[in-house]
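Sequences listed follow chains A and B, in order. Residue numbering for the first sequence follows numbering that gives the first Met the number 0, beginning at 0 and increasing consecutively. Residue numbering for the second sequence follows numbering that gives the first Met the number 0, beginning at 0 and increasing consecutively.
Don't read these hints as lab results, they were simulated from the structure. Mixed in with the good hints there might be a few duds.
[As the list claims (entries may be wrong)] 27 Å max Cα-Cα, derived DSS-like pairs, lysine-lysine: (1) B:K151 / B:K15; (2) B:K15 / A:K142; (3) A:K125 / B:K151; (4) A:K143 / B:K205.
No experiment lies behind these values; they were computed from the predicted model shown.
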Amino acid sequence: MGKMKPECVKAAMEAFHEIGVNFVAGLPDGWLLPLHEAVREAPGIEYVAVPHEGIGVSICAGAWLGGKKAVMLMENSGLRVATETIARICMAGDIPVLLLMPYRGDIGDTEYWAVPHGIVVEPLLKALRIPYTVVRDSADDLKKQILRAHNLMNASEYPVAVLISGDIVW
Amino acid sequence: MVKRYEMLSDLAGRIKDELVVFYRVGISCFEWEHLTRHREGNIIIGDMGCTTGIGIGLAKALPHRRVVVVDGDGSILLEPAVLVVLANYGPPNLAVLIHDNESYESIGWTEKGRFRTDTHLKTDIEAMARGAGVKNACTARTLPEFQGAMAKALASQELHVVVAKTEDQAAQAPPRHTSTKEEKYRFVRYIERSEGIRIIRLSVEKERLVDPSLRPDSS
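Can you build the whole structure from these sequences, using the hints too?
Next up, the structure:
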């Protein structure tokens, strides 16, 4: 079972630190599990474990309204679950949330159950008009793309997604 | 059963500096806006299944302020897992009022009456909250019970969930014509002003043109 590489976890945490992320809602998956663990242990970041990705988006939206810098960590299958909340809150109200998720079902995935997640995720992001970037190459690139996604999230007042795959995961 | 407008009138009289996250579905929000005269600490946002989650996030972001959520039975039935998050992560500065009229109010009615939710049958939201782990959960079926429950919830240093069983009635206030976007800007500007923080940052480049001593707090 793959996991996010340690240097990539470090790069993501560096990006969170530069952004000033202080609130994370998460529902863990195998690939992002080390990042969830790092966030939970990080001083200055409050982590809320959610049983449902839509609730995670609602909580992040509320945290943003109160001035927190929030990130939602979830599997890309969770985007399907969160779609209702994203449409009802983020789309209706222009409320931003930074979404970080693995690209399960991407080229190279070995798992049959991940295939539907890969088929659906990009069309769904496009349907929701959520700009996204797929990071497959290096820890440095991951950090840059998280920072850039956050910039666009602020400027657009809308969710932006970062998907990880390829060499970000071992 | 409590008359909805009486319940909201009573609640409006209790609200002082609290931030109120009020669910946008149905006609209750017309009445809340009317009763509270568009107060700055209101945000009417969150459709079915979203409102309590927003309140959790807001209360966590501003632990020094009391947050009151007003949600509905249909909304909780759509997303009951939020009760699990409330129980395990719900902050002590949060009180959640679930207005349980046992019906889908926003869709109106026909000569056959309202379309009922399953709280009309066997489902008990207080029991669901307790089962999820919420310690302070109760159901109010009369106005005095509601008054007692809300007085306790608002004075408490712990999370409370109050389920109020309410009667159907036509809206006692004119309709709203306010979008979620307008709600967001009005509320966020109020939070920015009252908390001395910057939330909306639309241009980093323009901030760089300003003397560093005058740049807005980006925290």
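For each hint, the structure was consulted:
Under the criterion of a C-alpha separation no larger than 27 Å, the hint pairing K151 of chain B with K15 of chain B is consistent with the structure, at around 15 Å. Between the alpha carbons of K15 of chain B and K142 of chain A the distance comes to roughly 44 Å, so the proposed pair goes past 27 Å and is violated. Straight-line distance between C-alpha atoms of K125 of chain A and K151 of chain B comes to about 47 Å, which puts the hinted pair past the 27 Å bound. Between K143 of chain A and K205 of chain B, the direct Cα distance comes to roughly 21 Å. Compliance with the 27 Å bound is thereby established for this hinted pair.
Hint compliance for this structure: hints 2 and 3 are not met, and every other hint is.
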